[in-house]
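Student: Residues per chain are reported as follows:
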Amino acid sequence: MSELFGTHAPFVWGALAMFALGMAVELAQLWRRARRRGEAT
Amino acid sequence: MSTALHPFWRYASPPQFLQLSGTLLPLLWAVAALLGLSGLALGLFWAPTDAQQGEAYRILFLHVPAAWIAMVCYGAMALWALLGLSLGTHLSFVLMRALAPTGALFAFLTLWTGALWGRPTWGVWWVWDARLSSALLLFLLYLGFIGLTAAVDRPQDPRRGDRAGALLALVGVLNLPVLYFSVQWWSTLHQGASLSPAGSRMAPSMLVPLLLCTAGLWAYAAAAVLSRARLLLAERQAVQARWRAAA
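Protein chains in written order, with my numbering: chain U, 1 to 41; chain W, 1 to 247.
Hints are computed from structural coordinates only; laboratory data are not their basis. Any given hint could be a false lead.
One side only, chain W facing chain U, incomplete, derived with CB under 7 angstroms [claimed, not checked]:
{"id": "1", "residue": "I59"}
{"id": "2", "residue": "L105"}
{"id": "3", "residue": "L116"}
To be clear about the criterion: a stretch of chain W counts as covered by chain U if any three or more of its residues have a C-beta under 8 angstroms from a C-beta of chain U, and this derived list gives those stretches [as the list claims (entries may be wrong)]:
{"id": "4", "region": "47 to 58"}
{"id": "5", "region": "106 to 114"}
{"id": "6", "region": "117 to 126"}
{"id": "7", "region": "227 to 241"}
C-beta: ideal position from N, C-alpha, C; glycine also.
Work out the full structure: start from the sequences and follow the hints.
Tutor: Shown next, in the form of C-alpha cells:
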C-alpha cells in the first residue's frame, strides 16, 4: 500500500492514522460514558 | 415575555432538546459514515495527483475540514457561552461544554495533519508564523477551557464551572478572526483559503472529495457533540437527584 502515495506515503498514512485514532478514542469515551450512565439508571 | 419568542425558548428546554437530538442522531451518524468514507475514498484513490505538491496534497481532504470544524466549534462555544450568561439557559452551558472536547480533537488533528503536510511541502514540520501560532493557540484555548471547567466545578453545582468556562470562551473568541485572516494580514508560509464565499479554483475532481469529506466530518462532529450534550444533561440530572435525596 505504501507505493500508493510514493515517497509521501508516510505523511498521508500518518495523517489518516491519527484521524482514525482520534475519532476512535472520542467514540470509545462517549460509548463508555453512555454505558456507565445506563448502568446507573 | 413576548409570545413571538416562543419557538426559540422551546428549544432551550432540555426535554425538547433530547427529543430533537434523538431524532437527528441516527441520521447524523449515517451521513457521517456515508459521506465521510466516500469522500475519503475519492480523495485518496480517485482524485488526481497534484502537479506541484505531488501525493502529499491529499492530506488536504482531512486537514481543511478539521481546521474549519475546530474554528466553528469554538465560535459556537462562544455563542452558547454568551447565551448562557445573558439568558441563564442551562442547556446553553451544556452545549458549550459538549463542544469543547470535539473542538480540541479537531484542533489537534489540524496541527498534526498540518505538520505532516508541511514537512514534504515546505521542508519543515513547524514555523512560528501567524496562521500556525494562532491554530496552536486555539488548541491551547480548548485545553484551557476543559481544564478550567474541571478545576472550578463543584460536584453538586456545575454553575461555577459554567460561568468560568463561558468567560474564557468569550475572551478566546478574539483569536478566531486572527486565525482566519492571518494568511491575508501577514506574510506566511501557509497557503491562502482553499474555498471562500467567492468560490473555488480547485478542479472538480479535487473539490468534490473535499466537499464530501467536509460534510461527513461535520456530521460526525455534530453527532459527537449532541451525544455528549445528552450525556451531560443526564449526568447533571442524576447528580441533582442524588443531592435532593440526601438533603
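Student: Confirm or reject each hint.
Tutor: Hints, verified against the model:
1. Restraint check, I59/W versus chain U: the minimum CB separation of about 5 angstroms is within 7 angstroms; hint holds.
2. The restraint placing L105/W at the interface with chain U holds, with a minimum CB-CB distance near 5 angstroms, inside the 7 angstroms limit.
3. The interface hint given for L116/W is met, as the beta carbon of that residue sits about 4 angstroms from the closest beta carbon of chain U, less than 7 angstroms.
4. Figure legend: the region 47 to 58 of chain W, annotated as covered by chain U; annotation consistent (4 residues with Cβ-Cβ distances under 8 angstroms, at least 3 required).
5. For the region 106 to 114 of chain W, the assignment as covered by chain U holds, since 4 residues bring a beta-carbon within under 8 angstroms of that chain's beta-carbons and 3 suffice.
6. Using a Cβ-Cβ cut-off of 8 angstroms, 3 residues of the region 117 to 126 of chain W lie near chain U, which meets the minimum of three, so the contact claim holds.
7. With a cut-off of 8 angstroms between beta carbons, the region 227 to 241 of chain W has 6 residues touching chain U; three or more are needed, and the interface restraint holds.
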